[in-house]
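Given the sequences, and given the hints that come with them, work out the whole structure.
Protein chains: 2
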Amino acid sequence: MKLSHQTFNIEKFKVSCANCNLAELCLPRGLEKGDLEKLESIIKRAKPLQRGDYLFRTGDHFHAIYAIRSGAVKVYKTTSDGDEQILGFHLPGELLGLDAIEKKKHVCTALALETSSYCTIPFSRLEEMCNLLPGLQNQMYRLMSRELSTDNESLLLLGKKSAEEKVTTFLINLSTRLHLLGYSATEFRLPMSRQEIGNYLGLTIETVSRIFSRLQNKKYISIDHKQIQITDLDALHNLCGGRNGNQIT
Amino acid sequence: MKLSHQTFNIEKFKVSCANCNLAELCLPRGLEKGDLEKLESIIKRAKPLQRGDYLFRTGDHFHAIYAIRSGAVKVYKTTSDGDEQILGFHLPGELLGLDAIEKKKHVCTALALETSSYCTIPFSRLEEMCNLLPGLQNQMYRLMSRELSTDNESLLLLGKKSAEEKVTTFLINLSTRLHLLGYSATEFRLPMSRQEIGNYLGLTIETVSRIFSRLQNKKYISIDHKQIQITDLDALHNLCGGRNGNQIT
DNA sequence: CGCGTCGTTGAAGCCGCTCAATAGATGTGG
DNA sequence: CCACATCTATTGAGCGGCTTCAACGACGCG
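As given, the protein sequences belong to chains A and B, one line each in that order.
Quick note: this note's numbering has the first sequence finishing at residue 371, numbered continuously throughout.
Quick note: this note's numbering has the second sequence finishing at residue 371, numbered continuously throughout.
Calculated from the structure, these hints are not laboratory results.
Hints are not guaranteed to be accurate.
Note: identical chains are not told apart, hence a pair may lie in one copy or across any two.
Stated by the list, open to error - Straight-line C-alpha distance at most 25 angstroms; calculated DSS-like pairs for lysine-lysine:
hint, residue 1, residue 2
1, Lys199, Lys225
2, Lys282, Lys227
3, Lys225, Lys282
4, Lys282, Lys199
Put into structure tokens, the structure is as follows:
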């Protein structure tokens, strides 16, 4: 290897959707090799975010959408009286910022829950490229459509379900998404605090904590701080209100 | 007028986005006259729906999106145990069915709350046309982005707000949207039942009714069945939790 | 070690739900 | 036209799930 250390670092940040194991979940899905190279040419991979760093904030000028490559990011709105409502937690392969297209300004804030890497996709160039690559345009519609679907699932979650159903649905949803990424569906680390879970689900931190304890007493799960093990996935499914747990937001 | 009665009826259903007073709110927004004609060529205007008619149902094959021209439509999901969660009420100028693109199947049901007319826009032809008309493609992104934004507002509504805040936010939202359509912002007819309002807001019919009564006692509104008059819009705004009420779902 | 943050658990209170009764609106058939 | 049934909406009484308030333990960091 003749590359100097310096050069190597630059190489590390060069984009290669072709080699990215998330390609099938992300924007490149369904593109041919040649088209993939065109798409890569407009994508920039930036220095990873540290825990607590902002990806974008409410009011920021919108110029690009972002694809999470690793880590976890929370997206939230801040109300006039200062407190926040978390709208979703985003894992690798998911696109952020699509809701900012209309107003050309970000309407939410995105913050890294842990060290997270991401790709930046300038929107105006993406739009141009969609005109050239119908497959890419179709994938954009699909991804936006999917986000609409998952938002609808969230509405159902908040509107109809009890606290216990909310928490179990949340766990199963997370489990499903992690499994899709190749991780264990039954053993993982929660990237967010109880506070953040409660906020997302429209519950208090105490209620979340109590329900975790209750699920643990029933031997459905086992929790050590943020490390969680699902010991009876079927039982959890049954608590979700019959269906569901496959939403992706 | 030389047209026979027969001919006149056919003419009535011919599309003309150019003459549609909703054009600036709907898909044609921002298109030049020539491009508008191209768009019109793929749009079909169908016979109006009667109250209780379905526009589409969960599981239906997705082949087109729909634009409401008049009336009001509710969109809901049905849970496995049979009851429904209403996701939104749609007024003229709004697009329906965008959340079905990904799965190529409708994931919700859309039902007319009153006599409603609409346009049908075949999606595959729309996609082709977006490749030819960058302005149209941009408008599609904007409209989908806006729906994502309004879904987020709904999440905030369901997650953070009290029953009173939910109901007042709902009223102000409706008032704002009707005003945008050229109707009175302070006097209108609710196209949905108390039951449906409660379902949408995650409340029972009794709670909705009580809050309407309370708002009436405070002289903020005046209700006669479905006919509603807002007598103190500012007071309602203050009840919303400081901000908000500008979501469009 | 001391401090702050996070999470757990208990006790009490309140908001919204459930159950129930009633009235008004709507529709139907005689 | 009225009698009757049905559906929607309103209002009250009581209950329960979740929140609020509070105390305490565990962990991380200076």
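> Okay, which hints does this one fail, numbers in order?
Replying inline: The structure breaks none of the hints.
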